[in-house]
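Participant: So you can see what is in the structure, the chains are spelled out below.
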Amino acid sequence: MAPLLQVERCTKRFGGLVANRDVSLTIEPREIVGLIGPNGAGKTTLFNCIGGSLHPDEGRIVLDGTDISAARPERICRLGIARTWQVVRSFGRMTALENVICGALRRTSRVGPARARALDLLAFTGLAGKEDVVAAALTLADKKRLEITRALATSPRLLLLDEAMSGLTPFETAAAVELVRRIHSELGLAICVVEHVMEVVMPLSHRVVVLDHGEKLTEGPPAEVARDERVITAYLGDRYRGRA
Amino acid sequence: MVWAIATLVALLYPIPFERSGQIYYETVGFLVLLNAMLGIGWNIIGGWAGQFDFGPSIFFAIGAYTAALLSIHWGFNAWLALLGAVAVSVVICAALTYPVTRLRGHYFAIATVAMWMIAQPIGATWPLINGSQGLFIPVAAGGGFVHGMLTMEFPGRGKGLGFYYLSLLLFAVTLLGARAVERSKWGFYFRAVRDDQDGAEAIGIDSRLYKVIARCLMAAVFAAGGTLYGFWALAVFPDQVLEVNWNILPMMAAVVGGLGRLWGPVLGAIVLIPISQLMTATLGAGPLAGRGIDLIIYGAVIMLIAGWRPNGLLSLPWAAWAARVRGRAPAPAAPTSPERS
Amino acid sequence: MTIFLQAVADGLQMGLLYALVAVGLAIIWGLMEMINFAHGEFMMLGMFGAWGLSVSLGWDPLVSMVPIAVVMYGLGVLVYRLLMQRVQRGEMFTQIFATVGLFFFIQNGVVALFTSDYRFVEGSLLTRLSGANLSLGGVRIGVPLLVGGLIALGLFLLLYLLIDRTDFGLAMQATAEDRDAAMLVGIRPQRMYAVAWGLGTALVAVAGVILANFFSVYPQAGLSFTVLAYAIVALGGFGSVLGTLLAALVVGVVQSVTAAYLPPAFKDAFVFGSYILIGLFRPQGLFGRF
Chain E
1 MAPLLQVERC TKRFGGLVAN RDVSLTIEPR EIVGLIGPNG AGKTTLFNCI GGSLHPDEGR
61 IVLDGTDISA ARPERICRLG IARTWQVVRS FGRMTALENV ICGALRRTSR VGPARARALD
121 LLAFTGLAGK EDVVAAALTL ADKKRLEITR ALATSPRLLL LDEAMSGLTP FETAAAVELV
181 RRIHSELGLA ICVVEHVMEV VMPLSHRVVV LDHGEKLTEG PPAEVARDER VITAYLGDRY
241 RGRA
Chain R
1 MVWAIATLVA LLYPIPFERS GQIYYETVGF LVLLNAMLGI GWNIIGGWAG QFDFGPSIFF
61 AIGAYTAALL SIHWGFNAWL ALLGAVAVSV VICAALTYPV TRLRGHYFAI ATVAMWMIAQ
121 PIGATWPLIN GSQGLFIPVA AGGGFVHGML TMEFPGRGKG LGFYYLSLLL FAVTLLGARA
181 VERSKWGFYF RAVRDDQDGA EAIGIDSRLY KVIARCLMAA VFAAGGTLYG FWALAVFPDQ
241 VLEVNWNILP MMAAVVGGLG RLWGPVLGAI VLIPISQLMT ATLGAGPLAG RGIDLIIYGA
301 VIMLIAGWRP NGLLSLPWAA WAARVRGRAP APAAPTSPER S
Chain U
1 MTIFLQAVAD GLQMGLLYAL VAVGLAIIWG LMEMINFAHG EFMMLGMFGA WGLSVSLGWD
61 PLVSMVPIAV VMYGLGVLVY RLLMQRVQRG EMFTQIFATV GLFFFIQNGV VALFTSDYRF
121 VEGSLLTRLS GANLSLGGVR IGVPLLVGGL IALGLFLLLY LLIDRTDFGL AMQATAEDRD
181 AAMLVGIRPQ RMYAVAWGLG TALVAVAGVI LANFFSVYPQ AGLSFTVLAY AIVALGGFGS
241 VLGTLLAALV VGVVQSVTAA YLPPAFKDAF VFGSYILIGL FRPQGLFGRF
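Protein chains in written order, with the numbering used here: chain E, 1 to 244; chain R, 1 to 341; chain U, 1 to 290.
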């Protein structure tokens, strides 16, 4: 089966800093890929390149055969990629329902059907009862849920989650993992998760890609990656080498 | 219920003044409705889409001039001229706006001011529109009220009344149109672009396109307003239609009333226009006349609203006040039955 | 060719004065990203101050520059504390809108007090020097404008020293970079902002005092200078003091050359058009870093 997303040798520079150097990865349909690495490894930059808010200086990004390296974010969304953000974003002055309707309007032009779909999705992600709360007034956990709901409303084939668990309590984290599982099993999306919380990423992912200092260090099944010396060194430093 | 009363008031407002021959108040009503309509138009780009346009009068002028030219050179009926004015204004707006959609916030605001300032020497010197000497719209004599409504021509006494109802009609059309937009996909997308442009793009909203659409809707409303004004004034002069008041009053009405609220500009216009007229009336021909006292007051109002009530008058706790007023009404004479709790 | 060179020379001199007009805006913007529609009105107040003191007390504008600067500094701080401080916490539109209100208030306040009649400063040192020229290879350089320009340049350099070489200036730069970090080291941002407003207002008012020697004084003089100042600050890279100077020189020359070849009504059109072009193609300005 052809991969859904192909990142080919993506390089992105900011002045003298090379945030991504020659990064290649693929994502198959219905796959959950974890993207990990220490802070500053270039994970969010890569997401930004895939999502279109940045464009790679070198290399290509191909979605299902279509080159999206230079595409604007709205086109990339139309082609089937949705994302959440490292710092949670919402349309603060609109209600939760209105936020999701904005997403749903991607697939239907009329507000009526968009609203119905939005209500369904809010129920699916566990925000039922909070439809009329103004987004700015939601708790952080609910804001993140809303962000995901809104992204789902655009009917993506690939969902990019950027540190969706950060700032959550263990209880909230478990609920969020549960949600991601449900999204995957019931909606059949491919999902790419950037995460620092190992207890979340490892059990959730089919495959893990590790970035360090802008380069891809290694990739593979979670268990293998967790034992990989280079990964341990990247995260914990030389002292922990050999303690796999 | 409230709407029924309001509609009735709006429809019947000029009748007593017509009877007593006080055309002046009809004209005040005309100005209130015109500015309310422009305010609603401005609210689309400023309140909903969150892009602050400080030079919308260029579309007011384009509307007035296009309608005047169509009427003078091709004998267009006023309503056809209005449609033509709207079309031209929208096209020009799209052309002007698309390039500057990259600008955000105040960069965009200054760009709109810059456009307005460029328009002024053009208006004063362009031969097609007769430069600063202006264009004069011919009006046929005679014709009753109905004829006037169909042609926007009210020679003689019926002018105040006629233009009041014309402005009421256009205002109603604008209000209903805006309401429809507010509830449509466009309305959602405008507000999304305002709240978080990057987030909006990530869910598939072409922010540049929708900024253009929002501004074009405003341009359409301003063009219609400009047409109405032109036929009222029977002359179009560049320094009148590009006057700073047409930039600032609609925006003020929207902000004072409640930015982003459908009825905000209406409340704002009802509050602000009479201030200006009151100043003109009380200061009359005295030493302070024409000294811009009304603008001083406007300036003070703007600063007060910005500093203390940025969400406008509609955001005042009307419901709470109304409840308190009702609560202070005398208790009913009969004692409440003990079973009622 | 001489026409062109003359226009360039005139433009450079005007550019120095424009730099003084624009630098206050650059400081306020660079520090707190605030837009001030009333910027030109403060300049206009400086002009009226110069005229008023000249007519009533016979003071030369070069002398009244000092008290006017002090008073306008106070006015700037007052405006910040009473109004801008409040709206700073709110949305950007409210900030812009508040200064629009200030614009109407000041301009029409002056109209109410003095009418819109044009006034002139007469008998000042610089106006008496008018007609005195230096000649540089066929190009005439008027002494009054040259002196005015040099004064502006001098003030500009003083400002540069203040910002770059004093502790206070360093504190301002720190606040501009990272307000929270500045607070952590004991700098009070509110104080920085108030001073910035005071300085910016004083500088533009002094520019007005100098300009009053060459231009008619009337209440509506401010707005085109406000937009001009914005064009300059945008061109120079918002927040860069040196960039403002260079950009102002460029703008002065563009305006002057335009006026030499096109009808006078269009002299500003090119400048405003450039602002739009800069915004589109090089938003960081000619000299700024984004």
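Fair warning: there could be bad hints in the mix.
[Stated by the list, open to error] Here are the simulated SDA-like pairs of lysine to any residue, each with C-alpha atoms no more than 20 Å apart in a straight line:
hint	chain 1	residue 1	chain 2	residue 2
1	E	K143	E	R78
2	U	K267	R	L80
3	R	K185	E	D120
4	E	K143	R	D198
5	R	K185	E	R78
6	U	K267	R	L262
7	R	K159	R	Y24
8	E	K143	E	D132
9	R	K159	R	Y13
10	R	K185	E	A116
Hint data in this document are derived by calculation from the structure and do not stem from the laboratory.
Participant: Enumerate the violated hints, using their earlier numbering and listing them in ascending order.
Facilitator: 1, 2, 6
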